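Dock chains B and C against the given chain A, drawing on the hints supplied.
Residue numbers (the working numbering), protein chains in the order written: chain A, 1 to 283; chain B, 1 to 267; chain C, 1 to 285.
Hints in this document: simulated from the structure, not taken from any laboratory.
The structure displayed is predicted, hence computed values, not measured ones.
Do not rely on the hints blindly, as some may be mistaken.
To be verified - Subject to a maximum C-alpha distance of 30 Å in a straight line, what follows is the list of computed DSBU-like cross-link-like pairs (lysine-lysine): (1) B:K147 <-> B:K237; (2) C:K80 <-> B:K179; (3) A:K242 <-> C:K263; (4) C:K74 <-> A:K222; (5) B:K179 <-> C:K74; (6) B:K176 <-> C:K110; (7) A:K222 <-> A:K257; (8) A:K143 <-> B:K242; (9) C:K236 <-> C:K256; (10) A:K37 <-> A:K242; (11) A:K142 <-> B:K242; (12) A:K57 <-> A:K76; (13) C:K74 <-> B:K176; (14) B:K71 <-> B:K103; (15) B:K103 <-> A:K142; (16) A:K242 <-> A:K25; (17) A:K57 <-> A:K37.
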Amino acid sequence: MAMVKTENLIHDYVIRDEEGNVSGKVRAVDGVNLEVKPGQFIAVLGHNGSGKSTLAKHLNALLFPTGGAVWIDGMKTDDPDQLWNIRQEAGMIFQNPDNQIIGQVVEEDVGFGPENMGVPTKEIWERVEEALKTVGMWEYRKKSPNRLSGGQKQRVSIAGVIAMHPKYIIMDEPTAMLDPGGRREVIRAARALNDVEKITIILITHNMEEAIYADHIFVMAKGKIALQGTPHQVFSRVDEMKALHLDVPVATMVAHKLREHGLNIPEGILTREELGEALGLES
Amino acid sequence: MFDGITLGQYYQTDSPLHRLDPRVKLVGTMAYIIALFIVKGWVGYFLAFLFLATMIALSHVPLRFVVRGMKAILIILLITVAFNVFLTPGKVLWSFGVLKVTKEGLVFAARMAVRLIFLIIGSSVMTLTTTPNQLTDGLESLMGPLKKIHVPVHEISMMMSIALRFIPILMEETDKIMKAQMARGADFESKHLMQKIRSMVPLLVPLFISAFRRANDLAMAMEARCYHGGEGRTRMKPLIYKGRDIFGYGVVAAFFAACIVLRVVGL
Amino acid sequence: MSLKIDDITYVYEKGTAMSVNALDHISLEIPDGQFIGLVGHTGSGKSTFVQMLNGLLAPTTGHVYWNGQDVHEKGFDRRKLRASVGLVFQYPEHQLFEADVLSDVEFGPKNLGLSEAECKERAVEALRHVNLPEEFWDKSPFDLSGGQQRRAAIAGVLAMHPSILILDEPTAGLDPLGRDEILNMVRGMKEKLRITIVLVSHSMDDVAQYADRILVMNAGKIMMDDTPEKVFSRYKELEAIGLSAPQVVYIMQYLKERGLPVKTNILTVDEAVDEILAHRGELNV
Numbered sequence: 001m002a003m004v005k006t007e008n009l010i011h012d013y014v015i016r017d018e019e020g021n022v023s024g025k026v027r028a029v030d031g032v033n034l035e036v037k038p039g040q041f042i043a044v045l046g047h048n049g050s051g052k053s054t055l056a057k058h059l060n061a062l063l064f065p066t067g068g069a070v071w072i073d074g075m076k077t078d079d080p081d082q083l084w085n086i087r088q089e090a091g092m093i094f095q096n097p098d099n100q101i102i103g104q105v106v107e108e109d110v111g112f113g114p115e116n117m118g119v120p121t122k123e124i125w126e127r128v129e130e131a132l133k134t135v136g137m138w139e140y141r142k143k144s145p146n147r148l149s150g151g152q153k154q155r156v157s158i159a160g161v162i163a164m165h166p167k168y169i170i171m172d173e174p175t176a177m178l179d180p181g182g183r184r185e186v187i188r189a190a191r192a193l194n195d196v197e198k199i200t201i202i203l204i205t206h207n208m209e210e211a212i213y214a215d216h217i218f219v220m221a222k223g224k225i226a227l228q229g230t231p232h233q234v235f236s237r238v239d240e241m242k243a244l245h246l247d248v249p250v251a252t253m254v255a256h257k258l259r260e261h262g263l264n265i266p267e268g269i270l271t272r273e274e275l276g277e278a279l280g281l282e283s
Numbered sequence: 001m002f003d004g005i006t007l008g009q010y011y012q013t014d015s016p017l018h019r020l021d022p023r024v025k026l027v028g029t030m031a032y033i034i035a036l037f038i039v040k041g042w043v044g045y046f047l048a049f050l051f052l053a054t055m056i057a058l059s060h061v062p063l064r065f066v067v068r069g070m071k072a073i074l075i076i077l078l079i080t081v082a083f084n085v086f087l088t089p090g091k092v093l094w095s096f097g098v099l100k101v102t103k104e105g106l107v108f109a110a111r112m113a114v115r116l117i118f119l120i121i122g123s124s125v126m127t128l129t130t131t132p133n134q135l136t137d138g139l140e141s142l143m144g145p146l147k148k149i150h151v152p153v154h155e156i157s158m159m160m161s162i163a164l165r166f167i168p169i170l171m172e173e174t175d176k177i178m179k180a181q182m183a184r185g186a187d188f189e190s191k192h193l194m195q196k197i198r199s200m201v202p203l204l205v206p207l208f209i210s211a212f213r214r215a216n217d218l219a220m221a222m223e224a225r226c227y228h229g230g231e232g233r234t235r236m237k238p239l240i241y242k243g244r245d246i247f248g249y250g251v252v253a254a255f256f257a258a259c260i261v262l263r264v265v266g267l
Numbered sequence: 001m002s003l004k005i006d007d008i009t010y011v012y013e014k015g016t017a018m019s020v021n022a023l024d025h026i027s028l029e030i031p032d033g034q035f036i037g038l039v040g041h042t043g044s045g046k047s048t049f050v051q052m053l054n055g056l057l058a059p060t061t062g063h064v065y066w067n068g069q070d071v072h073e074k075g076f077d078r079r080k081l082r083a084s085v086g087l088v089f090q091y092p093e094h095q096l097f098e099a100d101v102l103s104d105v106e107f108g109p110k111n112l113g114l115s116e117a118e119c120k121e122r123a124v125e126a127l128r129h130v131n132l133p134e135e136f137w138d139k140s141p142f143d144l145s146g147g148q149q150r151r152a153a154i155a156g157v158l159a160m161h162p163s164i165l166i167l168d169e170p171t172a173g174l175d176p177l178g179r180d181e182i183l184n185m186v187r188g189m190k191e192k193l194r195i196t197i198v199l200v201s202h203s204m205d206d207v208a209q210y211a212d213r214i215l216v217m218n219a220g221k222i223m224m225d226d227t228p229e230k231v232f233s234r235y236k237e238l239e240a241i242g243l244s245a246p247q248v249v250y251i252m253q254y255l256k257e258r259g260l261p262v263k264t265n266i267l268t269v270d271e272a273v274d275e276i277l278a279h280r281g282e283l284n285v
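Bound-form chain A, shown alone (with noise of 0.2 Å):
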């Protein structure tokens, strides 16, 4: 089965005028069909306002179509008596840190949502260790939140998503805030989740460099899926992919640009090891 699948997903945000009636609509998320099959790593990515933001919150239940359907691990998400259910098997990490770290306490946050799920004290505290354990921030579990760098922050939220024992967790632009080093903690983190726990992760990045590592990407452009396919696929379309206002990895974009002055390589270079082996450079 599955872990996630929308058909045909379609999300309008209505406008409304200053005597709150409905003056316009904008359609957000237009027509979106995707599966997402359990283990896999997968990057959606995107420019600002091209409806990435709005497709992740419909992948936890946070909203609800307006046209098409999402199935999260077989169950629909407008389904009122699943809500839960799925908001548990779907953990989220959002941009900005500081707004969704609710304890005062590294511990007492990774806490609350396995509180919010009615876990017994004493498997609360396990999943805690666990969960910090797995994010490397379990020394820091009796600090403040708010002496942690942003990187720790949004190990201490991922700590919290996976206290939850989630199936996949969607990652909202987590390194957006960051600083480079605060950034391949995140990444590195994330991947680790992947291969060890074989958590599912859905990362909304606008830095493609953090894209090359997913199993499969979902370009998003005005509400569609315009391009997607393995990162050597997507990535081999520089053309398209600067058309839409994307980047790509520096080492894709130095094959390309010596492609055009004739050299025979191929597209679809992700990595500097890449670029020298198809330059026929020893290894």
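Only chains B and C this time, still in chain A's reference frame:
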């Protein structure tokens, strides 16, 4: 600039006072405040001082953090003292024109000052040794009986807990916005009252907008983590009285009783 | 017009156990016309440092001189300094507050005591410089997109007519298009208005493309102060303090290790492509 406010600021360490059940600390603080208004004589105040000093020692919180809370109320304190010194009728000691310092005034002012100082320090000791979450858990538990008359006890305590979590963040934000507006030539130091009020607009509008944005984000994050009110919720740190808590209640009761006795015997 | 920093230190919570040397004996000069990149990881002291430059913070020891005058001397008009040294904070859109964009941009000039006509003139000119189309000027700033809000906020500082403009992470949170728009706009402002730019960033790729002098801060000290080529050739040191060189530097370094004798002091993709093509004969493709 907001360094002066310690209320609601938890000091992370391990001490007998930190380990105490928050309900004991809440009841203890209430009892202490009431006791401050029961005692009248210097022996009583000395006892209150002794109690407070013991608590500070037990809290393992450095003294400068404890007294930091005083900075915020220093002006209120000075005004209170001045009013009492000059406006209490009685035996005149000195007089400067219309201002008269009376013996009763001095005594009364000293008493008010001591009460205020002890009160603020006493509540600071509680908030320094209790995380806001424990504090709200404690309040929720103590107010539990009110649920029967449909008071939304859980919701109130959750609101308080979130407010406390965001106070430092919003203060930092205030500082940032203030500096950003100063970089655009804003003047927050003007002495002129109207000018001062007008200069707050560029600060308050962005601050409110930011607070609402954060509230939106946070609500979303809480829902995503299955928050749906107090129903069916378990506790990571349930409040269970232990031996030391009973002992704590005993100490508070003894202190309170002693204060009443001192009042009755007039010390 | 020049700004001189003379041996400044800044200590937070002075005299307590928690006291931190946020700035540790920094001296440097910012002459006219440079495009300076200031890099360092979070907590390296760069935000504290830029607040020294316009007098928002006073150094614990040392001096800041504007045109030879000590800015913390009695009688020095620091409000005038703040007009000359414009500081755009991180997420500047969070400081917008007026009912419409134009009024918000006029806030700075009004604080300088200019006439209404002058304020408007400056606001209009600043909004043109940040490429915000006229149709948005009478709109509420909160109806603008994130990128537009940010440009409006930058215009608010630009309208003060600074001769040095400091931008703290002006591209944070923007998508690639928004980032390129802002950075090109900043470069355009430097060329058209002949103002000195200090771009604070942790994106080496951004700084490498635009700056002609790079300051690297670490633990409150200026660790490097040099041209981009020289700074990024020390990428191992940058990594040790939580930074990195632009991606192309790593690519060229890798190719060199694999036996292609390319130069590694390369900053942009186009330079990299040219350099690889110059060694076309040595490739097996």
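Hints, verified against the model:
Note on K147 of chain B and K237 of chain B: the hinted pairing holds, with a Cα-Cα distance of about 21 Å set against a maximum of 30 Å. Our distance criterion of 30 Å between C-alpha atoms is met by K80 of chain C and K179 of chain B, whose separation comes to about 15 Å. Note on K242 of chain A and K263 of chain C: the hinted pairing holds, with a Cα-Cα distance of about 28 Å set against a maximum of 30 Å. Between K74 of chain C and K222 of chain A, the direct Cα distance comes to roughly 57 Å. Violation of the 30 Å bound is thereby established for this hinted pair.
Between K179 of chain B and K74 of chain C the CA atoms are separated by roughly 21 Å; this keeps the pair inside 30 Å, and the hint holds. Between K176 of chain B and K110 of chain C, the direct Cα distance comes to roughly 21 Å. Compliance with the 30 Å bound is thereby established for this hinted pair. As the CA atoms of K222 of chain A and K257 of chain A are separated by approximately 28 Å, the hinted pair is consistent with the 30 Å bound. Taking the CA atoms of K143 of chain A and K242 of chain B, the gap is near 25 Å; set against the 30 Å cutoff, the hint holds.
Straight-line distance between C-alpha atoms of K236 of chain C and K256 of chain C comes to about 16 Å, which keeps the hinted pair within the 30 Å bound. Pair hint K37 of chain A plus K242 of chain A holds up; C-alpha atoms about 29 Å apart against a cutoff of 30 Å. Under the criterion of a C-alpha separation no larger than 30 Å, the hint pairing K142 of chain A with K242 of chain B is consistent with the structure, at around 22 Å. At roughly 14 Å between alpha-carbon atoms, K57 of chain A and K76 of chain A fall within 30 Å of each other, so this suggested pair holds.
This hinted pair checks out: K74 of chain C and K176 of chain B have alpha carbons roughly 25 Å apart, not beyond 30 Å. For the hint pairing K71 of chain B with K103 of chain B, the CA-to-CA distance comes to about 28 Å; that is within 30 Å, so the pair holds. Restraint check for K103 of chain B and K142 of chain A: the C-alpha separation of about 51 Å exceeds 30 Å, so the hint is violated. A distance of roughly 29 Å separates the Cα atoms of K242 of chain A and K25 of chain A; the hinted pair therefore holds under the 30 Å criterion.
Distance restraint check for K57 of chain A and K37 of chain A: the Cα-Cα separation of roughly 18 Å lies within the 30 Å cut-off, and the hinted pair is therefore satisfied.
In the structure shown, a violation is registered for the earlier hints numbered 4, 15, in ascending order.
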